[in-house]
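Put chain F on the given structure of chain Z with help from the hints.
Number of protein chains: 2
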Amino acid sequence: MGVAAGVDGGDALAVLSALLSEDLAACNRTIVARMTSPVALIPQLAAHIVAAGGKRLRPLLTLAAARLCGYPDAAGGERHVQLAACVEFIHTATLLHDDVVDESLLRRGLASANAVFGNKASVLVGDFLFARAFQLMVEDGSLEVLAVLSQAAATIAEGEVLQLATQNDLSTSEESYLEVVKGKTASLFAAACRVGAILGARPAAEAEALAAYGMNVGIAFQLVDDALDYAADQVQLGKTVGDDFREGKITLPVLAAYGAGGAAERAFWKRTIEDSEQSPDDLDHALRLIREHGAIKATLARAAGYAQSAQSALRVFPEARLREALLDVADYTIRRAR
Amino acid sequence: MGVAAGVDGGDALAVLSALLSEDLAACNRTIVARMTSPVALIPQLAAHIVAAGGKRLRPLLTLAAARLCGYPDAAGGERHVQLAACVEFIHTATLLHDDVVDESLLRRGLASANAVFGNKASVLVGDFLFARAFQLMVEDGSLEVLAVLSQAAATIAEGEVLQLATQNDLSTSEESYLEVVKGKTASLFAAACRVGAILGARPAAEAEALAAYGMNVGIAFQLVDDALDYAADQVQLGKTVGDDFREGKITLPVLAAYGAGGAAERAFWKRTIEDSEQSPDDLDHALRLIREHGAIKATLARAAGYAQSAQSALRVFPEARLREALLDVADYTIRRAR
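These protein sequence lines map, in sequence, to chains Z and F.
Residue 1 is where the first sequence starts when you use the numbering used here, and the numbers rise one by one after that.
Residue 1001 is where the second sequence starts when you use the numbering used here, and the numbers rise one by one after that.
With the rest of the complex left out, here is chain Z (with noise of 0.2 Å):
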């Protein structure tokens, strides 16, 4: 499917930044401007994370909904570079308050920010770059914009608390499991699709359409997520494995397994997640068990069951190099676990 089938997970995202590759880098210069601040810090702390790399997959979802909404027109405009940094802002944002609220080490296969500056700096760094969010939208002046932006950042904050919430919890349920992934992830990847397909003045159908696939892809990426920290080496994924396992997240994996397993597996379950009582042993039999009971494949059927849906939303599109793209990416979520 599209003009990249075939190719493997990264490239998926590969071509879409080559389509894309003018509006990407005036969206890294606009994000490499606008982190400045006169507390020094704060830039230095910023590039870390920000400058650093990363896919830079939100803003290109942005960028390409604009693109495929006619925005910019003849006319021209950049209004879609302002607001794909904007959106990489507070993702940047999350990320920064995630890893001290996980307390990680590790962010893209190299120390977070807050193992290098400290969970204060962190803290305080990410609402910065939230409020720097805001006075990008607000120059833009689009209220809707503004509507769709502060709504998400609502609903990310609510998808994390949920997840705090549930923590430690093996009575969560896959639907609560299913919030916090909407929340916390795919919330974003949707109003990131909407933003730019507003600039496109289009009929409202295709924003729906393009928020849709948004939502899908952001519960398939994280869906994938979730599998993988059961089933990556660390180098794959840039990330420690079994952080969710030792920190007693719930996710699909555990939650498949637990629903399982006979009675001394859901008493191993409730002693590690429930109670927090880990041995160094533990995570080995953890992996065994959910390797046994195909946990890591069902979350993977159900993540690409996602992704279909994403695509099928994209549907409403004329074929597009564009739309070809966004397509191979709904599969990139799914290919990057093989």
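Please note that a few of the clues may not be correct.
As the list claims (entries may be wrong) - Distance windows between CB atoms, simulated:
1) F:ALA1260 <-> Z:LEU283: 57 to 63 Å
2) F:GLU1139 <-> Z:VAL316: 28 to 34 Å
3) Z:ALA264 <-> F:ASP1169: 53 to 59 Å
4) F:ALA1075 <-> Z:GLY76: 39 to 45 Å
5) Z:GLY77 <-> F:ALA1018: 34 to 40 Å
6) F:GLU1139 <-> Z:ARG321: 38 to 44 Å
7) Z:ALA301 <-> F:ALA1047: 38 to 44 Å
8) Z:PRO280 <-> F:ALA1263: 49 to 55 Å
9) F:GLU1139 <-> Z:ALA33: 47 to 53 Å
10) F:ALA1320 <-> Z:ALA205: 53 to 59 Å
11) F:GLY1077 <-> Z:ALA33: 35 to 41 Å
12) F:GLY1305 <-> Z:GLY77: 47 to 53 Å
13) F:ALA1301 <-> Z:LEU105: 45 to 51 Å
Simulated from the structure, these hints should not be mistaken for lab results.
Each residue gets a CB set at the ideal place from its N, CA and C atoms; glycine is no exception.
Showing chain F alone in chain Z's frame:
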């Protein structure tokens, strides 16, 4: 000066609250109504800090500035109430993050939210309240208000980061210290006043005057706070005395005592503040040095100067009970130290 002259500090706020009692009650209802979320932990934690009282000083400034500028007029309106709630949400979000950063165990004489609910929940609920504040602004629909408050939010974060960067550094200049004070505290006082003034659609000079009032009151307020940290007893202040000393925060009392001290005293400050090597008797010794050098008195005198500047700024307004009440609030920031 003013109708409430001669009353003690707390009464100045009581007078202002009484003059604005209906607005304040409406603001409190909005605060409670809008901190709801399907995620139960959010209103629980928010109630601990938002609904548990506090002086509502910042939202009172928004309400007072609006009324002083003739909003609402005969046609009515509730925008000042909504924006006052929004200002309180921003303030509360920063309090939650501050207490995490400072590892504070007390807030307004009660256990702080992070002490009760943990740092993680405090960071994330702070993020939620910040996002909700922006949603309230977007509902209000004024890009001018959004610009003022998103700028203030960025400035607050910059002030907090600068404070972190100057921590434990006795070479910090008074100028840098004042930048911290303006950023972390006074900028929101100024924005709270300016936002109220914007609603009245009066000449720009009046918004400028109210913003200057807010900025100067905010600086006075923080200087007194910093003085009280080396002077007040725990009951009066509602927080642990000596917090700033233990954290190695650079405040005016310390800079003044350090600047006036001889070699032995400087060595004491370097050991305790710069090297964070503190023994149980050190706080008492610090308090003695600060008293001996008149550093509290000097700090309060500076604060009084800012309070006078705040009062001068209000001269553009005709005499009225509300103006007199604001003049008395400026006095209150000083008098609460006695």
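Requested in this report: Compare the structure with the hints numbered earlier in the document and write down the numbers of the violated ones, lowest to highest.
Outcome: Checked against the structure, the hints that fail are numbers 5 and 9, while the rest are satisfied.
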